[in-house]
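Undergrad: Kindly generate the complete structure, drawing on both the sequences and the hints.
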Amino acid sequence: MPQYRNWPVRLVLLAAAVSAAGAAMAVLGDSPTHSQSSISTDSAANPQLIKRGAYLARAADCMACHTREGASKEYAGGRPIESPFGTIYATNITPAPKAGIGEYREQDFAAALRQGIRADGSYLYPAMPYPSYASLSDDDIKALYAYFMEGVPPVTEPAPETSLSFPFNQRWAIRFWNWLFVDDVSNTSSANHSSDLSGDRQQQLARGRYLVQGAGHCGSCHTPRGLFMQEKALNDQDGDNYLAGTELNEWQVPSLRGGDSTGLRDWSEDDVIDYLATGRNRHAATGGEMTSVIQHSTSHLTDADLSSIAAYLTTLGATDKQRVSPAPVSTPPSHTAPDATTRQLTSATSLDEGARLYLDNCNACHFANGRGADSVFPPLSGNTQVNADNPTALISTILYGAQLPSTPKRPERLQMPGFDWRLSNEEAASLASFVRQSWSNDASRVTPEQVAEVRQAHGPGKPAQQGRPDSLDHAREDAASTPPSN
Amino acid sequence: MSLDSEGQKRREFMRNSLTVIPAVTLAPSLLFSQSSDAATPPLHQYVPAFFNEEEWEFILSATDRLIPEDEHGAGALTANVPVFIDKELSGDYGQASDWYMQGPFHPNADPVFGYQLPHTPAALYRLGIQGARHHAKQQTGQEFTDLSSEQKDALLTDLENGRADFKAAGIPDLPSATFFAFLLQNTREGYLSDPMYGGNRNMVGWKMLGFTGARASFREWVTQHDVPYPLGPVSLAGKRG
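Going line by line, the protein sequences match chains A and B. If you read the first sequence in the working numbering, its first letter stands for residue 1, the second for the next number, and so on. If you read the second sequence in the working numbering, its first letter stands for residue 487, the second for the next number, and so on.
Hints in this document: simulated from the structure, not taken from any laboratory. Some hints could be false.
Stated by the list, open to error - Anything over 10 Å on all C-beta distances counts as not near chain A; from chain B, calculated:
| no. | residue |
| --- | --- |
| 1 | Thr564 |
| 2 | Gly589 |
| 3 | Glu706 |
To be verified - Subject to a maximum C-alpha distance of 25 Å in a straight line, what follows is the list of computed SDA-like cross-link-like pairs (lysine to any residue):
| no. | chain 1 | residue 1 | chain 2 | residue 2 |
| --- | --- | --- | --- | --- |
| 4 | B | Lys693 | A | Asp352 |
| 5 | B | Lys693 | A | Ser350 |
| 6 | B | Lys693 | A | Glu353 |
| 7 | B | Lys693 | A | Ala364 |
| 8 | B | Lys693 | A | Leu351 |
| 9 | B | Lys623 | B | Ala640 |
Unchecked claim - Example chain B residues on the side facing chain A (calculated, C-beta under 10 Å, incomplete):
| no. | residue |
| --- | --- |
| 10 | Gly696 |
| 11 | Ser703 |
| 12 | Arg705 |
For each residue, glycine too, the CB sits at the ideal point set by N, CA and C.
TA: See the structure below:
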């Protein structure tokens, strides 16, 4: 299964880490304790506090894991994450006393969020992103607690039990992992931004940094992980790996650092804001895991918070210059002479297989100049997904299409149809290669084997066949209606 | 990645932080070839599902006269029109499965009231072919299929004008003109509809017209004047003609 090519190695190491923890426990000694914090036990929750907690729950996207897809009851848990060792379930975090977290005191709640320690003292699997939530402030924890205790309706049905096989069921062993990889103390000190920035800007950057590193847990997807599944950097002081881009099951997760060759290099702060608010902008459209982040989390943030996030991300560049102002957009203005690909597609002559397939399948929406239409059809020229080292995401988009989230500012769920029923592996490979080497793009060719791998990983069970005529299954000739009887 | 499917892979990274999903071995998917439509079997290899042998011969013969092969382009037989008709009559259309087929039937009602016969298209073809062959025998003493082109055309014209007497063939409730209207309509459809329905083989109908098929994208041609459009048609399934 090429999709998970390097997994066996990692698993052996993870298992080793867990077993090694047994020995480590002997050294580390006693049972876990909650670390000190200024959290008080009395919480006279007022409506403002609950409201702020609800907002923070959006910013932290608690729903993504703790609400089962398609379920009507929020935060009732039960979202399954399958593994060969058993299924792990995100828990019910409604205030129901037994089924949920109704019996959690505020300090228990804080320990679960920031340290990954359950009220009964056992350790949570790091599927719960406590390494990021570790930097949540006491005030925000308080607001979240108020919301989950008083703003969320209790659901008395318990979520299914997680039971993994040995040694993965040894929750105590996670302590060792935490000890290695999780910052125990809230890391809220601000990064060293150039001191010539104004006070307002400093504050904005600090807010952005707090949201990205803490609640937003953007790093859990955008930061590469190490051998033990730990994020290689949990914040910007931890090194250049922070938000440097990686892959999730071979699907590219772009770098959010301004200085890299792909990622946000050409994005203005407004572009980032548009993307996080609506899933689309003049550079890209979301179609992968980011879709649900935008749908459930970032599209609900205030403009001020989105601006802060955007401002902060532009500081993660490689050079000092990029820290202050983002690089100018490199998309050529439309009055300049068309490039070779645009000319080839416009004349529709001397077409190779890939170019011909582009005209037959893609041109209607992404156009001969590969620039699409702002916020409707994403440009393919200069596109992050198109140029990613690993073509899996591109192949997957071509075969199975993509759909934008519905957001408060842009409710239309624009959709790209899938072409799996229309293209053979060879054809999809020629087409993907063409797209990756046309206009301003410069990425490696795609082979039919790579397409076959994506098809195989996708499986036949859930074809994304939007756009495929029903009649291909069995010709229904209702096109032929009654002729006039004269 | 489609977002619609229940159990969509949200939060893949959670799996990443844990373990691995076992590989599922799958049968290789069905592949379509886009490069050409030549895979469609020619007419003589086709085994009709609806028509019996004599009916099939009649349909071949009649459609060949309705759209003959000539200097303008391919004819109905090259386009596999009879295949199209056979397929549609053996499917939902043949059974009138989404038509209102309860009485009362008023064959003399104004055409705005729509189809007024009790026959499904499948039944109508059976009766119509029977009537047409009977008419040919009466007029010429021969099978329709054995006649010259001119004779066939004359007989088809009789059908079209309602001059063929189907009652004499024991068919009281089908005007020959109605049968002809169906035959002509379905022949045109078989010639011009997308090849996925069995006709318009290799998109010959579209090529004859200069229709480019399902590409549906000519934005950059709006400003190109007096330049012949260089590309042939493409079908809904993505094949090229």
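Undergrad: Hint by hint, note whether the structure agrees.
TA: So, going through the hints one by one against the coordinates:
Non-interface call for threonine 564 of chain B relative to chain A: holds, since the shortest CB-CB distance, roughly 20 Å, exceeds 10 Å. Listed as outside the interface, glycine 589 of chain B is consistent with that label: its C-beta sits roughly 16 Å from the nearest C-beta of chain A, beyond the 10 Å cut-off. For glutamate 706 of chain B, the condition that its CB be more than 10 Å from all CB atoms of chain A is violated, with the nearest at approximately 5 Å. Restraint check for lysine 693 of chain B and aspartate 352 of chain A: satisfied, since their Cα atoms lie roughly 22 Å apart, inside the 25 Å limit.
Of the pairs offered as hints, the one joining lysine 693 of chain B and serine 350 of chain A holds, with about 20 Å between alpha carbons and a cut-off of 25 Å not exceeded. This hinted pair checks out: lysine 693 of chain B and glutamate 353 of chain A have alpha carbons roughly 21 Å apart, not beyond 25 Å. Between the alpha carbons of lysine 693 of chain B and alanine 364 of chain A the distance comes to roughly 21 Å, so the proposed pair stays at or under 25 Å and holds. With a C-alpha separation of about 20 Å, the suggested pairing of lysine 693 of chain B with leucine 351 of chain A holds against the 25 Å cut-off.
Only pairs whose Cα atoms come within 25 Å are accepted, and lysine 623 of chain B paired with alanine 640 of chain B is accepted, the gap being roughly 13 Å. With 10 Å as the threshold, the beta carbon of glycine 696 of chain B stays out of range of chain A, its nearest partner Cβ sitting at about 15 Å, so the hint is violated. Annotation: serine 703 of chain B was flagged as interfacial toward chain A, and the flag holds, the nearest CB pair being 4 Å apart, inside 10 Å. Using the Cβ-Cβ criterion of 10 Å, the hint placing arginine 705 of chain B at the interface with chain A is satisfied: the shortest such distance is roughly 7 Å.
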